[in-house]
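Those sequence lines, one after another, are chains A and B.
For the first sequence, the working numbering begins at 202 and goes up steadily by one.
For the second sequence, the working numbering begins at 23 and goes up steadily by one.
In case anyone wonders, no lab produced these hints; they're calculated from the structure.
Take the hints with a grain of salt, since some may be wrong.
Said to hold, decoys possible - List of simulated lysine-lysine pairs, DSS-like, C-alpha gap at most 27 Å:
no.	chain 1	residue 1	chain 2	residue 2
1	A	K248	A	K238
2	B	K79	B	K224
3	A	K278	B	K98
4	B	K157	A	K254
5	A	K356	A	K327
6	B	K98	A	K292
7	A	K248	B	K167
8	A	K351	B	K98
9	A	K292	B	K44
10	B	K157	A	K259
11	B	K98	A	K238
12	B	K202	A	K254
13	A	K292	B	K45
14	B	K79	A	K346
15	B	K162	A	K259
16	B	K100	A	K278
17	B	K79	A	K292
18	B	K53	A	K232
19	A	K342	A	K389
20	B	K44	B	K167
21	B	K167	A	K259
22	A	K223	A	K292
23	A	K254	B	K167
24	B	K53	A	K351
25	A	K254	B	K162
26	A	K278	B	K162
27	A	K292	A	K356
28	B	K98	A	K356
29	A	K292	B	K157
30	B	K79	A	K351
31	A	K248	B	K157
32	A	K356	B	K79
33	B	K53	A	K292
34	A	K278	B	K167
35	A	K248	B	K162
36	B	K167	A	K238
37	B	K202	A	K248
38	B	K144	B	K98
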Amino acid sequence: MVVELYLDLLSQPCRSVYIFAKKNNIPFEFKHVELLKGEHLSEEFYKVNLLRKVHALKDGNFTLAESIAILLYLSRKFNTPDHWYPSDVQKRARVDEYLSWQHTAIRAQGCNFYRTKVLMPLLVGKPFPAERLERAVEDLKSTMKQFEEKFLQDKPFIVGNEISLADLVAIVELMQVTGWDVFEGRPKLTEWRHRVEEAIGKELFREAHEVMLNGWLALPEEQGLPPTPKP
Amino acid sequence: MGLELYLDLLSQPCRAVYIFAKKNNIPFTFKPVEVLKGEEGERFGKVNILRRVPALKDGAFTLAESMAILIYLSQKYKTPDHWYPSDIQRRARVDEYLSWQHVAIRANGVKLFWLKLAPEEKLQEAFEDLAVSLKQLEEKFLQDKPFIAGNRISLADLVAITELMQPVAIGYNIFENRPKLSEWRSRVEKFVGKELLQEARKVILSINDLSNMPLFKLFKTFGV
Numbered sequence: 202m203v204v205e206l207y208l209d210l211l212s213q214p215c216r217s218v219y220i221f222a223k224k225n226n227i228p229f230e231f232k233h234v235e236l237l238k239g240e241h242l243s244e245e246f247y248k249v250n251l252l253r254k255v256h257a258l259k260d261g262n263f264t265l266a267e268s269i270a271i272l273l274y275l276s277r278k279f280n281t282p283d284h285w286y287p288s289d290v291q292k293r294a295r296v297d298e299y300l301s302w303q304h305t306a307i308r309a310q311g312c313n314f315y316r317t318k319v320l321m322p323l324l325v326g327k328p329f330p331a332e333r334l335e336r337a338v339e340d341l342k343s344t345m346k347q348f349e350e351k352f353l354q355d356k357p358f359i360v361g362n363e364i365s366l367a368d369l370v371a372i373v374e375l376m377q378v379t380g381w382d383v384f385e386g387r388p389k390l391t392e393w394r395h396r397v398e399e400a401i402g403k404e405l406f407r408e409a410h411e412v413m414l415n416g417w418l419a420l421p422e423e424q425g426l427p428p429t430p431k432p
Numbered sequence: 023m024g025l026e027l028y029l030d031l032l033s034q035p036c037r038a039v040y041i042f043a044k045k046n047n048i049p050f051t052f053k054p055v056e057v058l059k060g061e062e063g064e065r066f067g068k069v070n071i072l073r074r075v076p077a078l079k080d081g082a083f084t085l086a087e088s089m090a091i092l093i094y095l096s097q098k099y100k101t102p103d104h105w106y107p108s109d110i111q112r113r114a115r116v117d118e119y120l121s122w123q124h125v126a127i128r129a130n131g132v133k134l135f136w137l138k139l140a141p142e143e144k145l146q147e148a149f150e151d152l153a154v155s156l157k158q159l160e161e162k163f164l165q166d167k168p169f170i171a172g173n174r175i176s177l178a179d180l181v182a183i184t185e186l187m188q189p190v191a192i193g194y195n196i197f198e199n200r201p202k203l204s205e206w207r208s209r210v211e212k213f214v215g216k217e218l219l220q221e222a223r224k225v226i227l228s229i230n231d232l233s234n235m236p237l238f239k240l241f242k243t244f245g246v
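The following block holds chain A by itself, in its conformation from the complex:
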């Protein structure tokens, strides 16, 4: 029996799991759970994930929530290449450090931005309150600064010379920040992004982000913000 992955590619953590599984040729059954239709709240899905959130894994009788846990489980079960989650204790600690920090930093601020800019208007049918968005942008800017200064520094990837789970988890969050180019004016970050895309593979990267970007592009025009970065 093949591993089942319950995903909605609209969600960042789902994308990291999707990309990781595909990149590593991990056989899995894609179980689409549509967030916008509220499918994650169904009784059926509750049996898979008591937390009622997408990105859930089912491996026989074993069910697992939380994308970080899922990524780590897949890397161990399928013995993926070492660079994703290095066996060297200090290199691994660097990945863990990023994966831990990002919950309340890039992820939190990225989500806040996305919610204010895209989800709320979509759900309530009114444009976003400008002041809230400004605040969300400021918080995000300060997090980006920490990201560059502490995690990236002058390295090609977060942990040394090769892509790891840290870069993967970071890039999907940053891609969610659409309608405001987080990469503009940040050459170091832009170069990192290109390296990550190369390492993942442009085709897979585009495929994973299609759903989310189409959702964004379908919204009415925004006032005065830079255009969405094209993948």
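Based on the hints, put chain B in the right spot on chain A.
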């Protein structure tokens, strides 16, 4: 020079690291940091560019984030398997909890702690949010098991118990009317040991009146 741990026992993640290191007889130099007194200055800044506790220094290697520190210590000092089980499904259960708790128990526990000074409605809201997290802790993470990852204590239980002490310390007995959670608490505390627990909780349990501290500084330094 050896291992150095920069900790402020007022902080939950610091307590988890402290208890773990002590329980496993990991030799370290305790570098106390008093966040509320603004010791996050130049000296500390060099160790931890994120300027938050806890932080580890092992020779030239520095590390932030309690989760990363706990796992690093468990691997480097080869602590007993149950803390971070080698069985991949049990380990996944620990990872799952450690990941979820950032924006659940940790976020809500912290909110309640600092909101003690805030108006009643805000407090009520924080209380309710925490109640939701506690319910999830019982129904999803604990279920009918003695510990989060199964029959033995792991990092997940340690991280959870230190977070839950925060609201308790300011008089919110979150274990009241939650028998399953109370039993789990007793099991965890029994394993860790009364003495070590008391030592770790010394600071938090003797916390004085918070109302004189500038709120902005509190929120900022604890990363709320």
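For each hint, the structure was consulted:
Straight-line distance between C-alpha atoms of K248 (chain A) and K238 (chain A) comes to about 18 Å, which keeps the hinted pair within the 27 Å bound. Between K79 (chain B) and K224 (chain B), the direct Cα distance comes to roughly 24 Å. Compliance with the 27 Å bound is thereby established for this hinted pair. At roughly 22 Å between alpha-carbon atoms, K278 (chain A) and K98 (chain B) fall within 27 Å of each other, so this suggested pair holds. Using a Cα cut-off of 27 Å, the hinted pair K157 (chain B) and K254 (chain A) holds, with the two alpha carbons roughly 16 Å apart.
Taking the CA atoms of K356 (chain A) and K327 (chain A), the gap is near 42 Å; set against the 27 Å cutoff, the hint is violated. Restraint check for K98 (chain B) and K292 (chain A): the C-alpha separation of about 12 Å stays at or below 27 Å, so the hint holds. With a CA separation close to 18 Å, the supplied pair K248 (chain A) and K167 (chain B) stays within the 27 Å bound. With a C-alpha separation of about 23 Å, the suggested pairing of K351 (chain A) with K98 (chain B) holds against the 27 Å cut-off.
Distance hint between K292 (chain A) and K44 (chain B) is fulfilled; the C-alpha atoms sit about 24 Å from each other, no more than 27 Å. With a C-alpha separation of about 23 Å, the suggested pair K157 (chain B) and K259 (chain A) falls inside the 27 Å cut-off, and the hint holds. The straight-line distance between the Cα atoms of K98 (chain B) and K238 (chain A) is roughly 46 Å, outside the 27 Å bound, and the hint therefore fails. Under the criterion of a C-alpha separation no larger than 27 Å, the hint pairing K202 (chain B) with K254 (chain A) is consistent with the structure, at around 24 Å.
Distance hint between K292 (chain A) and K45 (chain B) is fulfilled; the C-alpha atoms sit about 25 Å from each other, no more than 27 Å. Using a Cα cut-off of 27 Å, the hinted pair K79 (chain B) and K346 (chain A) holds, with the two alpha carbons roughly 23 Å apart. The straight-line distance between the Cα atoms of K162 (chain B) and K259 (chain A) is roughly 15 Å, inside the 27 Å bound, and the hint therefore holds. Distance hint between K100 (chain B) and K278 (chain A) is fulfilled; the C-alpha atoms sit about 21 Å from each other, no more than 27 Å.
Annotation: proposed proximity of K79 (chain B) to K292 (chain A) holds, straight-line Cα distance about 14 Å (limit 27 Å). Simply put, K53 (chain B) and K232 (chain A) have alpha-carbon atoms about 49 Å apart, too far for the 27 Å limit, and the pair is violated. A C-alpha spacing of about 15 Å is found between K342 (chain A) and K389 (chain A), which places the hinted pair at or below 27 Å, so the restraint holds. A hinted pair counts as satisfied when its Cα atoms are at most 27 Å apart, and K44 (chain B) with K167 (chain B) qualifies at roughly 26 Å.
Straight-line distance between C-alpha atoms of K167 (chain B) and K259 (chain A) comes to about 20 Å, which keeps the hinted pair within the 27 Å bound. This hinted pair checks out: K223 (chain A) and K292 (chain A) have alpha carbons roughly 24 Å apart, not beyond 27 Å. A C-alpha spacing of about 22 Å is found between K254 (chain A) and K167 (chain B), which places the hinted pair at or below 27 Å, so the restraint holds. Between K53 (chain B) and K351 (chain A), the direct Cα distance comes to roughly 22 Å. Compliance with the 27 Å bound is thereby established for this hinted pair.
With a C-alpha separation of about 12 Å, the suggested pair K254 (chain A) and K162 (chain B) falls inside the 27 Å cut-off, and the hint holds. For the hint pairing K278 (chain A) with K162 (chain B), the CA-to-CA distance comes to about 23 Å; that is within 27 Å, so the pair holds. Using a Cα cut-off of 27 Å, the hinted pair K292 (chain A) and K356 (chain A) holds, with the two alpha carbons roughly 13 Å apart. Taking the CA atoms of K98 (chain B) and K356 (chain A), the gap is near 25 Å; set against the 27 Å cutoff, the hint holds.
For the given pair, K292 (chain A) sits about 36 Å from K157 (chain B) by alpha-carbon distance, which is inconsistent with the 27 Å threshold. For the hint linking K79 (chain B) to K351 (chain A), the alpha-carbon distance of about 16 Å falls within 27 Å, and the restraint holds. Proximity of K248 (chain A) to K157 (chain B) is assessed by CA-CA distance (about 17 Å); at most 27 Å being required, the pair is judged to hold. The hinted pair formed by K356 (chain A) and K79 (chain B) meets the criterion: a straight-line CA distance of about 21 Å does not exceed 27 Å.
For a cut-off of 27 Å, the pair hint linking K53 (chain B) to K292 (chain A) stands: about 24 Å separates their Cα positions. A hinted pair counts as satisfied when its Cα atoms are at most 27 Å apart, and K278 (chain A) with K167 (chain B) qualifies at roughly 24 Å. Annotation: proposed proximity of K248 (chain A) to K162 (chain B) holds, straight-line Cα distance about 11 Å (limit 27 Å). Restraint check for K167 (chain B) and K238 (chain A): the C-alpha separation of about 34 Å exceeds 27 Å, so the hint is violated.
Between K202 (chain B) and K248 (chain A) the alpha-carbon distance is near 22 Å, which keeps this suggested pair within the 27 Å criterion. Restraint check for K144 (chain B) and K98 (chain B): not satisfied, since their Cα atoms lie roughly 43 Å apart, outside the 27 Å limit.
In the structure shown, a violation is registered for the earlier hints numbered 5, 11, 18, 29, 36 and 38, in ascending order.
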